[in-house]
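With these hints in hand, go ahead and build the complete structure from the sequences.
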Amino acid sequence: ARCGSRRMLRALVAVSLWLRVSPRAQGAPCEAVRIPMCRPMPWNITRMPNHLHHSTQENAVLAIEQYEELVGTGCSPVLPFFLCAMYAPICTLEFLYDPIKPCKSVCQRARDGCEPIMRRYNHSWPESLACDDLPVYDRGVCISPEAIVTDLPEGERGRGRERCRCKKTKPTLSTYLTKNYSYIIHAKVRSIERGNCNKITTVVEVKDILKSSMPIPLSQVPLLTNSSCQCPPLQPKQDVLIMCYEWRSRLMLLDGCLVEKWKDQLNKRFKVNTRVLMFLIKS
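Mature numbering (1 follows the signal peptide of the UniProt record, and there is no 0) puts the sequence shown at residues -27 to -1, 1 to 256.
FYI, nobody ran anything at the bench for these hints, they're computed from the structure.
Please note: incorrect hints may appear among the correct ones.
What the hints assert, rightly or not - With a straight-line cut-off of 25 Å between C-alpha atoms, the simulated SDA-like cross-links for lysine to any residue are:
(1) Lys77 x Pro50
(2) Lys180 x Pro206
(3) Lys77 x Cys139
(4) Lys152 x Tyr218
(5) Lys161 x Gln208
(6) Lys152 x Met225
(7) Lys184 x Thr148
(8) Lys143 x Pro50
(9) Lys161 x Tyr149
(10) Lys184 x Arg223
(11) Lys210 x Pro195
(12) Lys184 x Leu150
(13) Lys161 x Gln211
(14) Lys152 x Pro188
(15) Lys236 x Gln193
(16) Lys140 x Arg167
(17) Lys180 x Thr142
(18) Lys77 x Trp220
(19) Lys180 x Thr148
(20) Lys180 x Ala120
(21) Lys141 x Ile157
(22) Lys140 x Ile73
(23) Lys77 x Ile182
(24) Lys236 x Leu191
(25) Lys143 x Ile182
Spelled out as structure tokens, the structure:
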């Protein structure tokens, strides 16, 4: 999927202006994508060095060209996306110096589809593209084709939202023990902000911190998603308990995390589990 050309142009202009005027962005490496294979991708700005340590796009082009014949076989529909996410990673303001990697599952799909063909010619999947080194979708930030919901015509926007089908996570002690969430907070939702390519940031006001492995201020903080779907769904003014993961000193809001209305914690259904849960959090 590809964001509308107007939005992409606005995004590139906005980034260019931001890089010029922001003191903390001096020397920031966002640049237009010039690698031919990657121009059809749903992002048009990248940064160097890439995930394979190429210092310029000219160097990256020479390296990615070796996969053109493999892409041409159609062995995996996600192979071009995966290669471009590695060789020309998307450059965003939130992750300006820490570029987003492709998801492990995207790598596995590309490898599983194409490695059998590579083996016919006595080649194996390259160590530099090892899937085990990449993040898992529901535990951190990564990019995948499915995570991008593009701009739609006015009459089709409702259908676009239907593509966002969030997992329903049950608020049980078993869920907490299995998921091993890294932060738990009581917070009030202040705003839902949608950025380039419909990327979502949820701003919440933290009222209490029940668990965390990093300092969280009792003030307004952003919760970042790794897709253009807000999962779990939240609305402004909601008073909620949020259990999710921290990723590189950032609070995430990911599909599979737990969000419950705060008043529901008094419900008899959860009373026993809540007592045990609070004991485990504080122990």
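Now the hints, each set against the structure:
1. The straight-line distance between the Cα atoms of Lys77 and Pro50 is roughly 15 Å, inside the 25 Å bound, and the hint therefore holds.
2. Taken as a hint, the Lys180 and Pro206 pair is honoured in the structure, with Cα atoms around 19 Å apart against an allowance of 25 Å.
3. Between Lys77 and Cys139 the alpha-carbon distance is near 20 Å, which keeps this suggested pair within the 25 Å criterion.
4. Simply put, Lys152 and Tyr218 have alpha-carbon atoms about 9 Å apart, close enough for the 25 Å limit, and the pair holds.
5. Using a Cα cut-off of 25 Å, the hinted pair Lys161 and Gln208 holds, with the two alpha carbons roughly 10 Å apart.
6. Restraint check for Lys152 and Met225: satisfied, since their Cα atoms lie roughly 14 Å apart, inside the 25 Å limit.
7. Distance restraint check for Lys184 and Thr148: the Cα-Cα separation of roughly 15 Å lies within the 25 Å cut-off, and the hinted pair is therefore satisfied.
8. For the proposed pair Lys143 and Pro50, the alpha carbon gap of about 34 Å is over 25 Å, so the pair is violated.
9. Between Lys161 and Tyr149, the direct Cα distance comes to roughly 21 Å. Compliance with the 25 Å bound is thereby established for this hinted pair.
10. Distance restraint check for Lys184 and Arg223: the Cα-Cα separation of roughly 14 Å lies within the 25 Å cut-off, and the hinted pair is therefore satisfied.
11. This hinted pair checks out: Lys210 and Pro195 have alpha carbons roughly 15 Å apart, not beyond 25 Å.
12. Distance restraint check for Lys184 and Leu150: the Cα-Cα separation of roughly 13 Å lies within the 25 Å cut-off, and the hinted pair is therefore satisfied.
13. With a CA separation close to 6 Å, the supplied pair Lys161 and Gln211 stays within the 25 Å bound.
14. A hinted pair counts as satisfied when its Cα atoms are at most 25 Å apart, and Lys152 with Pro188 qualifies at roughly 21 Å.
15. The suggested pairing of Lys236 with Gln193 holds, with an alpha-carbon distance near 21 Å, which does not exceed 25 Å.
16. With a C-alpha separation of about 21 Å, the suggested pairing of Lys140 with Arg167 holds against the 25 Å cut-off.
17. Proximity of Lys180 to Thr142 is assessed by CA-CA distance (about 23 Å); at most 25 Å being required, the pair is judged to hold.
18. Using a Cα cut-off of 25 Å, the hinted pair Lys77 and Trp220 holds, with the two alpha carbons roughly 16 Å apart.
19. A threshold of 25 Å between alpha carbons decides the hint, and for Lys180 with Thr148 the separation of about 23 Å falls inside it, so the pair holds.
20. For a cut-off of 25 Å, the pair hint linking Lys180 to Ala120 is broken: about 30 Å separates their Cα positions.
21. The hinted pair formed by Lys141 and Ile157 meets the criterion: a straight-line CA distance of about 18 Å does not exceed 25 Å.
22. At roughly 23 Å between alpha-carbon atoms, Lys140 and Ile73 fall within 25 Å of each other, so this suggested pair holds.
23. Taken as a hint, the Lys77 and Ile182 pair is broken in the structure, with Cα atoms around 31 Å apart against an allowance of 25 Å.
24. For the suggested pair Lys236 and Leu191, the alpha carbons sit about 20 Å apart, so the restraint of at most 25 Å is met.
25. Proposed proximity of Lys143 and Ile182 is supported: the alpha carbons are some 21 Å apart, at most 25 Å.
Checked against the numbered hints given earlier, the structure breaks hints 8, 20 and 23 and satisfies all the rest.
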